[in-house]
Amino acid sequence: MAERTTREIYLGEGSGTGSGSQHLYVNMGPAHPAMHGIIHIVAELDGETVVKADVEIGYLHRAFEKECERGPYNNAIPYTDRLNYVSPLINNFGYASCVEKLLGIDVSERCKYIRVVMSEISRICDHLTCIGASAMELGAFTVFLYMIKAREYLWELVEDVTGARLTISYARVGGVKADLPEGFGLKTRKAFKETRQVLEEVGKLLTGNRIFMDRMVGVGALSREETIAYAITGPLLRAAGVAYDVRRAQPYWAYDRVEFEIPTGRNGDNYDRYLVRMAEMEQSMRIVEQALDALPGGAINVDFQGRPMDPASYVDLGKQGKTEGLLLIPITLSPNLQGLEKPVHHQVNVADKRVVLPPKEETYGSIEGLMNHFMLIMDGNGIRPPQGDAYFAVEGANGELGFYIVSDGTDRPYRVRCRPPCFPPMAALHRMIEGEMVADVVPSFGSINMIGGELDR
Amino acid sequence: MDGQSALLRLTTTFGGRIIETHAYRGDHTAVVERSALLDVLRFCRDEADLGFDFLMDLTSVDYLKYPGREFGPRFEVVYHLYSLAHNHRLRLKVRVEEDDARVPSAVPLWPVANWFEREVWDMFGIRFDGHPDLRRLLMYEEFQGHPLRKDYPVNKRQPLIGPKN
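As you go down the protein sequences, you meet chains V and R in turn.
If you count by our numbering, then the first sequence holds residues 1 to 457, one letter each, in order.
If you count by our numbering, then the second sequence holds residues 458 to 622, one letter each, in order.
Misleading hints may appear alongside valid ones.
As the list claims (entries may be wrong) - Here are a few chain R residues that sit away from chain V, every Cβ distance over 10 angstroms (derived from the structure):
{"no.": "1", "residue": "483"}
{"no.": "2", "residue": "484"}
{"no.": "3", "residue": "500"}
{"no.": "4", "residue": "530"}
{"no.": "5", "residue": "552"}
{"no.": "6", "residue": "553"}
{"no.": "7", "residue": "561"}
{"no.": "8", "residue": "593"}
{"no.": "9", "residue": "599"}
{"no.": "10", "residue": "604"}
To be verified - Only pairs whose alpha carbons sit at most 30 angstroms apart, straight line, appear in this in silico DSS-like list of lysine-lysine:
{"no.": "11", "chain 1": "V", "residue 1": "187", "chain 2": "V", "residue 2": "149"}
{"no.": "12", "chain 1": "V", "residue 1": "66", "chain 2": "V", "residue 2": "353"}
{"no.": "13", "chain 1": "R", "residue 1": "522", "chain 2": "R", "residue 2": "607"}
{"no.": "14", "chain 1": "V", "residue 1": "52", "chain 2": "V", "residue 2": "66"}
{"no.": "15", "chain 1": "R", "residue 1": "550", "chain 2": "V", "residue 2": "204"}
{"no.": "16", "chain 1": "V", "residue 1": "193", "chain 2": "V", "residue 2": "204"}
{"no.": "17", "chain 1": "V", "residue 1": "360", "chain 2": "V", "residue 2": "319"}
{"no.": "18", "chain 1": "V", "residue 1": "193", "chain 2": "V", "residue 2": "149"}
{"no.": "19", "chain 1": "V", "residue 1": "353", "chain 2": "R", "residue 2": "613"}
{"no.": "20", "chain 1": "V", "residue 1": "66", "chain 2": "R", "residue 2": "607"}
{"no.": "21", "chain 1": "V", "residue 1": "66", "chain 2": "V", "residue 2": "149"}
{"no.": "22", "chain 1": "R", "residue 1": "522", "chain 2": "V", "residue 2": "66"}
{"no.": "23", "chain 1": "R", "residue 1": "522", "chain 2": "R", "residue 2": "613"}
{"no.": "24", "chain 1": "V", "residue 1": "319", "chain 2": "V", "residue 2": "353"}
{"no.": "25", "chain 1": "V", "residue 1": "204", "chain 2": "R", "residue 2": "613"}
FYI, nobody ran anything at the bench for these hints, they're computed from the structure.
C-beta: ideal position from N, C-alpha, C; glycine also.
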């Protein structure tokens with residue numbers, strides 16, 4: 001038997017002879033340092049070129065849709081935090097708005113503006129993370145650190161409002177958990193100043209950078225037609241030259257009352273996606289600034305006589321029937337209920353007793369409030385939308401985030417379907433990487449900004 | 458064109474093959490006969506005044522325990538369409554029986570249907586005729602049952618699986 005070459009030992013008989021080569025199969029992932037997310041790509045390689053790729057997902061499946069069917073409507077809100085865990089607020093509001101559509105109620109003006117503000121802050125966080133991580137994978141570690149620094153300023157804002165950084169659970173069906181804290185506008189402007197500075201620095205580091213452009217321009221491109229055929233929305237669609245944005249096409253909340261532009265690209269490649277995301281962050285900041293200026297309700301004045309009481313004494317007075325003037329006395333709420341005092345409760349929540357829990361002052365101090373509270377909490381009595389179904393779409397950071405909810409008239413959703421924005425791009429990932437080099441898989445995959453939580457649900 | 462006239466357009470073209478149409482909370486829905494599904498989808502995509510170029514979402518609902526529908530067709534496959542040019546949406550539904558849970562595949566019309574349909578097969582066990590590669594998408598190959606069916610217990614255990622080879 002003829003001596004086997006090293007090549008034959010590794011690649012099997014026949015390689016290196018005849019036509020010269022055979023294809024090599026490489027498994028990328030599920031856990032791989034170049035993959036910021038758990039997915040599995042089985043790539044068939046010819047040399048360094050990807051000939052065929054099979055993308056496998058599902059490693060982060062947690063039965064989101066099944067779990068939502070088990071509890072009352074508001075119980076699904078913590079699960080929606082974990083869909084897109086980089087911009088959880090948008091998921092929260094999207095789900096709550098879909099239930100509100102089923103109920104046929106309209107939230108208060110102030111609540112709409114708060115939702116706009118918080119959604120846009122989340123969108124900036126999401127884009128910062130996406131660009132930072134993609135740049136890091138191409139070797140630009142500085143950019144990642146700068147971006148995370150800016151994200152930290154924004155997450156502090158989120159923490160101020162919601163009390164948490166990631167698992168925020170801030171939306172409620174019919175409103176939000178709490179009003180914006182004092183001095184929020186000022187803090188936001190400070191954070192935006194820092195963010196703008198970071199974006200300027202990053203722009204100088206990346207936009208026009210020779211190495212960065214060599215890796216990004218013309219890589220991972222999808223044509224306009226193919227992008228639409230794959231139902232890809234968000235920055236990837238806009239990078240291909242289609243100015244579709246749910247915020248503009250079918251405005252919800254207060255998006256029809258703020259001015260913003262929809263940045264678009266031309267080539268649909270990774271570089272255009274990067275440029276679109278950079279431009280969108282500036283637009284988001286514009287939206288937040290306008291929304292904060294226009295925030296209805298103005299400053300929140302708490303103007304009551306008498307000192308705040310602790311809840312226990314409050315309940316005691318209520319039980320003893322000493323209710324005269326009781327409801328005018330403010331109550332010291334635990335820190336996780338701050339921003340939901342009686343004077344602001346109606347500003348951020350819809351005035352519908354079938355949907356929103358009453359302010360704690362009424363629950364503790366009056367029998368009507370207590371009954372209202374229990375009617376919403378008791379099993380089988382909570383929010384009960386009439387039988388029917390509704391689809392509601394918001395513009396998530398990665399594209400159209402849709403919720404499709406079917407109600408059977410009980411207090412639990414019969415079916416909750418989430419249309420994750422990064423699902424269609426992942427279905428098209430093989431089209432972006434086939435025919436390109438192995439090293440190009442990394443920026444193309446990064447440009448999708450895959451979020452396992454919403455992809456696998 | 459608004460949703461109502463889109464529905465009208467469908468009913469005048471397809472007549473009895475559109476089982477029913479309705480609008481609820483601003484969403485317009487047409488329930489389509491299974492045999493007409495591909496024709497209706499193609500019509501929606503290609504007619505200039507409908508122009509539904511996006512298959513935004515494809516999912517399914519199991520109506521096994523829905524009050525009043527326990528005996529009717531068990532599943533509904535739901536298509537959400539969106540038109541970029543006209544900025545309108547439409548929902549199409551196809552009802553299928555449990556013992557004949559098959560729907561023609563929409564992959565020839567929209568490539569994104571490939572993964573959507575794989576997910577529906579995975580979660581509900583509905584087969585898509587003509588699908589090029591109907592494998593499970595989110596669960597693993599050895600998974601038994603279809604978890605989003607209403608009769609799949611939420612605490613059901615799955616058999617342990619070993620390495621393939």
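Here is how each hint holds up against the structure:
The Cβ of residue 483 of chain R sits about 8 angstroms from the closest Cβ of chain V, inside the 10 angstroms cut-off, so the non-interface label is violated. The claim that residue 484 of chain R lies off the interface is violated: its Cβ sits roughly 6 angstroms from the closest Cβ of chain V, which falls inside the 10 angstroms cut-off. Against the 10 angstroms criterion, residue 500 of chain R stays outside the reach of chain V, whose nearest CB is about 17 angstroms from its own CB. Residue placement check: residue 530 of chain R keeps its beta carbon more than 10 angstroms from all beta carbons of chain V (closest about 15 angstroms).
Once the 10 angstroms rule is applied to beta carbons, residue 552 of chain R is consistent with being away from chain V; the minimum gap is 14 angstroms. Separation of residue 553 of chain R from chain V is adequate, the least Cβ-Cβ distance of about 16 angstroms exceeding the 10 angstroms criterion. Listed as outside the interface, residue 561 of chain R is consistent with that label: its C-beta sits roughly 18 angstroms from the nearest C-beta of chain V, beyond the 10 angstroms cut-off. Residue-level check failed: residue 593 of chain R sits 8 angstroms from the nearest beta carbon of chain V, not beyond 10 angstroms.
Once the 10 angstroms rule is applied to beta carbons, residue 599 of chain R is consistent with being away from chain V; the minimum gap is 13 angstroms. Against the 10 angstroms criterion, residue 604 of chain R falls within the reach of chain V, whose nearest CB is about 6 angstroms from its own CB. At most 30 angstroms may separate the alpha-carbon atoms for a hinted pair to count; residue 187 of chain V and residue 149 of chain V meet this at roughly 16 angstroms. Using a Cα cut-off of 30 angstroms, the hinted pair residue 66 of chain V and residue 353 of chain V holds, with the two alpha carbons roughly 28 angstroms apart.
Straight-line distance between C-alpha atoms of residue 522 of chain R and residue 607 of chain R comes to about 7 angstroms, which keeps the hinted pair within the 30 angstroms bound. Between the alpha carbons of residue 52 of chain V and residue 66 of chain V the distance comes to roughly 34 angstroms, so the proposed pair goes past 30 angstroms and is violated. Of the pairs offered as hints, the one joining residue 550 of chain R and residue 204 of chain V is violated, with about 51 angstroms between alpha carbons and a cut-off of 30 angstroms exceeded. Distance restraint check for residue 193 of chain V and residue 204 of chain V: the Cα-Cα separation of roughly 17 angstroms lies within the 30 angstroms cut-off, and the hinted pair is therefore satisfied.
In summary, the hint linking residue 360 of chain V to residue 319 of chain V is supported, as the alpha carbons are separated by about 15 angstroms, within the 30 angstroms threshold. Distance restraint check for residue 193 of chain V and residue 149 of chain V: the Cα-Cα separation of roughly 13 angstroms lies within the 30 angstroms cut-off, and the hinted pair is therefore satisfied. Between residue 353 of chain V and residue 613 of chain R the CA atoms are separated by roughly 38 angstroms; this puts the pair beyond 30 angstroms, and the hint is violated. A threshold of 30 angstroms between alpha carbons decides the hint, and for residue 66 of chain V with residue 607 of chain R the separation of about 9 angstroms falls inside it, so the pair holds.
Annotation: proposed proximity of residue 66 of chain V to residue 149 of chain V is violated, straight-line Cα distance about 37 angstroms (limit 30 angstroms). Pair hint residue 522 of chain R plus residue 66 of chain V holds up; C-alpha atoms about 14 angstroms apart against a cutoff of 30 angstroms. A hinted pair counts as satisfied when its Cα atoms are at most 30 angstroms apart, and residue 522 of chain R with residue 613 of chain R qualifies at roughly 18 angstroms. A threshold of 30 angstroms between alpha carbons decides the hint, and for residue 319 of chain V with residue 353 of chain V the separation of about 22 angstroms falls inside it, so the pair holds.
Between residue 204 of chain V and residue 613 of chain R the CA atoms are separated by roughly 55 angstroms; this puts the pair beyond 30 angstroms, and the hint is violated.
Comparing the model with each numbered hint stated earlier shows that hints 1, 2, 8, 10, 14, 15, 19, 21 and 25 do not hold.
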